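Respectively, the protein sequence lines represent chains A, B, C and D. Quick note: to get our numbering, add 58 to the position in the first sequence (first position is 1). Quick note: to get our numbering, add 58 to the position in the second sequence (first position is 1). Quick note: to get our numbering, add 58 to the position in the third sequence (first position is 1). Quick note: to get our numbering, add 58 to the position in the fourth sequence (first position is 1).
Simulated from the structure, these hints should not be mistaken for laboratory data. Wrong hints could be hidden among the right ones.
Stated by the list, open to error - Keeping only pairs whose Cα atoms sit at most 27 Å apart, straight-line, the calculated DSSO-like set for lysine-lysine is:
id, chain 1, residue 1, chain 2, residue 2
1, A, 65, D, 102
2, C, 168, A, 168
3, B, 65, C, 60
4, B, 195, D, 119
5, A, 195, A, 177
6, C, 102, B, 125
7, A, 177, A, 151
8, B, 151, C, 145
9, D, 102, C, 168
Said to hold, decoys possible - Output of the computed footprint for chain B on chain A, the stretches with three or more beta carbons under 8 Å from beta carbons of chain B:
id, segment
10, 62 to 71
11, 75 to 87
Here the structure is a predicted model, which is why all the values come from computation and not from measurement. For glycine and all other residues, C-beta sits at the position ideal for the given N, C-alpha and C.
Protein chains: 4
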Amino acid sequence: MKIYQHKVQYYETDKMGIVHHSNYIRWMEEARIDFLSQVGWDLKSLEDMGVVSPVISVESKYMCTTKFPEVISIEVWVEEFRGVKLKLGYEMKREDVVVNRASSEHCFLKTDGSIVNVKREYPAFYETLRSLAEESKSKADKG
Amino acid sequence: MKIYQHKVQYYETDKMGIVHHSNYIRWMEEARIDFLSQVGWDLKSLEDMGVVSPVISVESKYMCTTKFPEVISIEVWVEEFRGVKLKLGYEMKREDVVVNRASSEHCFLKTDGSIVNVKREYPAFYETLRSLAEESKSKADKG
Amino acid sequence: MKIYQHKVQYYETDKMGIVHHSNYIRWMEEARIDFLSQVGWDLKSLEDMGVVSPVISVESKYMCTTKFPEVISIEVWVEEFRGVKLKLGYEMKREDVVVNRASSEHCFLKTDGSIVNVKREYPAFYETLRSLAEESKSKADKG
Amino acid sequence: MKIYQHKVQYYETDKMGIVHHSNYIRWMEEARIDFLSQVGWDLKSLEDMGVVSPVISVESKYMCTTKFPEVISIEVWVEEFRGVKLKLGYEMKREDVVVNRASSEHCFLKTDGSIVNVKREYPAFYETLRSLAEESKSKADKG
Numbered sequence: 059m060k061i062y063q064h065k066v067q068y069y070e071t072d073k074m075g076i077v078h079h080s081n082y083i084r085w086m087e088e089a090r091i092d093f094l095s096q097v098g099w100d101l102k103s104l105e106d107m108g109v110v111s112p113v114i115s116v117e118s119k120y121m122c123t124t125k126f127p128e129v130i131s132i133e134v135w136v137e138e139f140r141g142v143k144l145k146l147g148y149e150m151k152r153e154d155v156v157v158n159r160a161s162s163e164h165c166f167l168k169t170d171g172s173i174v175n176v177k178r179e180y181p182a183f184y185e186t187l188r189s190l191a192e193e194s195k196s197k198a199d200k201g
Numbered sequence: 059m060k061i062y063q064h065k066v067q068y069y070e071t072d073k074m075g076i077v078h079h080s081n082y083i084r085w086m087e088e089a090r091i092d093f094l095s096q097v098g099w100d101l102k103s104l105e106d107m108g109v110v111s112p113v114i115s116v117e118s119k120y121m122c123t124t125k126f127p128e129v130i131s132i133e134v135w136v137e138e139f140r141g142v143k144l145k146l147g148y149e150m151k152r153e154d155v156v157v158n159r160a161s162s163e164h165c166f167l168k169t170d171g172s173i174v175n176v177k178r179e180y181p182a183f184y185e186t187l188r189s190l191a192e193e194s195k196s197k198a199d200k201g
Numbered sequence: 059m060k061i062y063q064h065k066v067q068y069y070e071t072d073k074m075g076i077v078h079h080s081n082y083i084r085w086m087e088e089a090r091i092d093f094l095s096q097v098g099w100d101l102k103s104l105e106d107m108g109v110v111s112p113v114i115s116v117e118s119k120y121m122c123t124t125k126f127p128e129v130i131s132i133e134v135w136v137e138e139f140r141g142v143k144l145k146l147g148y149e150m151k152r153e154d155v156v157v158n159r160a161s162s163e164h165c166f167l168k169t170d171g172s173i174v175n176v177k178r179e180y181p182a183f184y185e186t187l188r189s190l191a192e193e194s195k196s197k198a199d200k201g
Numbered sequence: 059m060k061i062y063q064h065k066v067q068y069y070e071t072d073k074m075g076i077v078h079h080s081n082y083i084r085w086m087e088e089a090r091i092d093f094l095s096q097v098g099w100d101l102k103s104l105e106d107m108g109v110v111s112p113v114i115s116v117e118s119k120y121m122c123t124t125k126f127p128e129v130i131s132i133e134v135w136v137e138e139f140r141g142v143k144l145k146l147g148y149e150m151k152r153e154d155v156v157v158n159r160a161s162s163e164h165c166f167l168k169t170d171g172s173i174v175n176v177k178r179e180y181p182a183f184y185e186t187l188r189s190l191a192e193e194s195k196s197k198a199d200k201g
């Protein structure tokens, strides 16, 4: 997996001279979309199949401020997935310094608003997410 | 017509300590939607009728910086309308000081992407826009 | 306390047709600034005294989608404050429907980056926040 | 000169399913900062020298809609510079299709708000901008 890189933009700063905290939520989306694309399930294709993926929750812990024009690396992993709710974890770094830790939860919906049973309807996607969840669990257990 | 008021938000500032210039384009939209609503054609109803109104062009002249938490008054008028392209004018003020002058051009499209002939398909909307165009022209001629 | 009202803007929507989730983090800021202002400590005055208030963490639970041009009411309360870290709670409603529950944590810093001991340096501000924390605690105990 | 590339983000779309027009103004900034950096005058260094560069005006013509997750190429050039006001031109393309043409005007200010005489105070920067202006003029004359 290639770690996603975000270049801080001038318009992302606020009058404190640092990146406004709301932008990290957007960077999570950038990194998440890149992550799903890397594992073979890009959002565009999902949407073309009639599946959207709204956000159920986000959590973001701001550990260090970031500034224009730094480059932030964002690692993404599957923290939990049992078939309906997908929980992702995020770690953002400026070089070796962790600047943010975050998580987000998602479900998958059809155009009519009904919840997608990923296991039954998209078994290949289900397997991908399950194996990614196992992988990060085993990493965490070892770490 | 009631002049639209925008309260500058903290998240609209940038590291220069002033409002980032891209936000004025958004304020134009806020004021435009309010204006159309006041003249009886709110965007939501237009969209419910299957009409969207993409932006063809914008121009914005920044005359004074604005800061958090100032309140900016935004006057909107119909600068030109002959049936297809709608051109709106904007003047933004902080109390008596003009901080921005702007304009935007719009067309009206159906869901299938075809251009709406406003005069034929929405004659009442056409009349409203035409009379507003006349009104601002006569004001400009006198002013 | 007057409940803060946010009018959903067109530019806050995304291609799902709903408000993009990152905007709720900005609405929290709008409501928080209004709240602090109502209790007599507006952010602008704090900044003029050389005190900034960065965000340490946010949590946001999205319970119902929101759409343009709905009006969202945002209630804010002090969830916890013992002198350094301020934790605020938020409940967002569209009419009677809760659409979002959230919280944010903040500290107070001087221009040089050092942490402000609010109790010692701004005793009146400390008392305000403490009494608001007591008030919401007693409400929660009763509720 | 390397042409700047912007990857359209999901959060840049609106309920029409296309990129919200305000984002193009931000992409202009991204491309402009990249351009200045490529010619040896990155914004960060200018700001460290106490020079900021506020936007005086923008113009943007939207010729084709853009969508998530397209990649947009943005070419930037110096349209005019005589020593005080810098005018830049922009052409945005999705593959070979021109989607947007734009321009922006800027001045250079010291921290105290006074206008920088670039020719006198930063002669090397002046020469760079002048030669870039000549270059694009001669291209336009030939084109």
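Now for the hints, and whether the structure bears them out:
1. Of the pairs offered as hints, the one joining residue 65 of chain A and residue 102 of chain D holds, with about 13 Å between alpha carbons and a cut-off of 27 Å not exceeded.
2. Proximity of residue 168 of chain C to residue 168 of chain A is assessed by CA-CA distance (about 49 Å); at most 27 Å being required, the pair is judged violated.
3. Distance hint between residue 65 of chain B and residue 60 of chain C is fulfilled; the C-alpha atoms sit about 17 Å from each other, no more than 27 Å.
4. Between residue 195 of chain B and residue 119 of chain D the CA atoms are separated by roughly 24 Å; this keeps the pair inside 27 Å, and the hint holds.
5. Using a Cα cut-off of 27 Å, the hinted pair residue 195 of chain A and residue 177 of chain A holds, with the two alpha carbons roughly 20 Å apart.
6. Taking the CA atoms of residue 102 of chain C and residue 125 of chain B, the gap is near 10 Å; set against the 27 Å cutoff, the hint holds.
7. The suggested pairing of residue 177 of chain A with residue 151 of chain A is violated, with an alpha-carbon distance near 34 Å, which exceeds 27 Å.
8. For the given pair, residue 151 of chain B sits about 36 Å from residue 145 of chain C by alpha-carbon distance, which is inconsistent with the 27 Å threshold.
9. Our distance criterion of 27 Å between C-alpha atoms is met by residue 102 of chain D and residue 168 of chain C, whose separation comes to about 24 Å.
10. Closer than 8 Å: that is the beta-carbon criterion, and the segment 62 to 71 of chain A has 3 residues meeting it against chain B, so the requirement of 3 holds.
11. Given as covered by chain B, the segment 75 to 87 of chain A passes the check, having 4 residues with a CB less than 8 Å from a CB of that chain where 3 are the minimum.
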